Amino acid sequence: MIVRNRSSFLVKKKNIKVPFSTDPFNMKKLHTARFSGSIHDNAVMIEPHPSKKGVRFIHKRKNLGNKPAKSLGVQNFTKHSRKTMINVKNFFRKTGYRKDLKMLALRTASKIYRCQRPIVPKKKVFKKKPE
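Counting from 1, one number per residue, gives the positions in the sequence shown under the UniProt record's numbering.
Rather than coming from a laboratory, the hints here were simulated on the basis of the structure. Treat the hints with care, as some may be off.
[To be verified] Quick list of in silico lysine-lysine cross-link-like pairs, DSS-like style, CA-CA up to 27 angstroms: (1) 123 / 102; (2) 52 / 89; (3) 28 / 12; (4) 94 / 83; (5) 94 / 79.
Being a predicted model, the structure only gives us computed values, none of them experimental.
Taking the hints into account, I'd like the entire structure generated from these sequences.
Listed below in C-alpha cells is the structure:
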C-alpha cells in the first residue's frame, strides 16, 4: 500500500484513470500491482542492446535480493530475431517465471527488432506517357 501513491516511478496524467509508471522492470508501463517490477521478486526487462543490433534480456534473480550487484541476470541476444524469440519463450517455459509476462516480453523484443531494421527507400515508379 505504501507504493500505491508514493512511488518515484509514478506518473499521473489528467483524465486518465490508471497512472503510468517509469519503472524499468514494468513491462506494460502501467502503475498497477500486477506489473510493478519493484514489488515482485520476479521481474523482467527487455531493452535494446548497446550495439543497436539485438536485445538485452534482464531478469531479477529470486534468491539474491540482498545482494544487489548479483541480483540481476543479463542475457544478450544479438543473433536473428527468431532465435531470440525462441530463447525468451524457453526462458519462461523452463523456469516457470511469471507466465503472464511472456507475451509482453515477446512483443517488446519484436518491437525493438522492428525498430532496428534498416529503412529501405521506396523506388519511384514512372508511368508511361500516353502517345
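Status of the hints after comparison with the structure:
1. Restraint check: the Cα-Cα separation between residue 123 and residue 102 comes to about 38 angstroms, which exceeds 27 angstroms; the hinted pair is violated.
2. A hinted pair counts as satisfied when its Cα atoms are at most 27 angstroms apart, and residue 52 with residue 89 qualifies at roughly 22 angstroms.
3. The suggested pairing of residue 28 with residue 12 holds, with an alpha-carbon distance near 15 angstroms, which does not exceed 27 angstroms.
4. With a C-alpha separation of about 16 angstroms, the suggested pair residue 94 and residue 83 falls inside the 27 angstroms cut-off, and the hint holds.
5. Distance restraint check for residue 94 and residue 79: the Cα-Cα separation of roughly 21 angstroms lies within the 27 angstroms cut-off, and the hinted pair is therefore satisfied.
In this structure, the one hint that does not hold is number 1.
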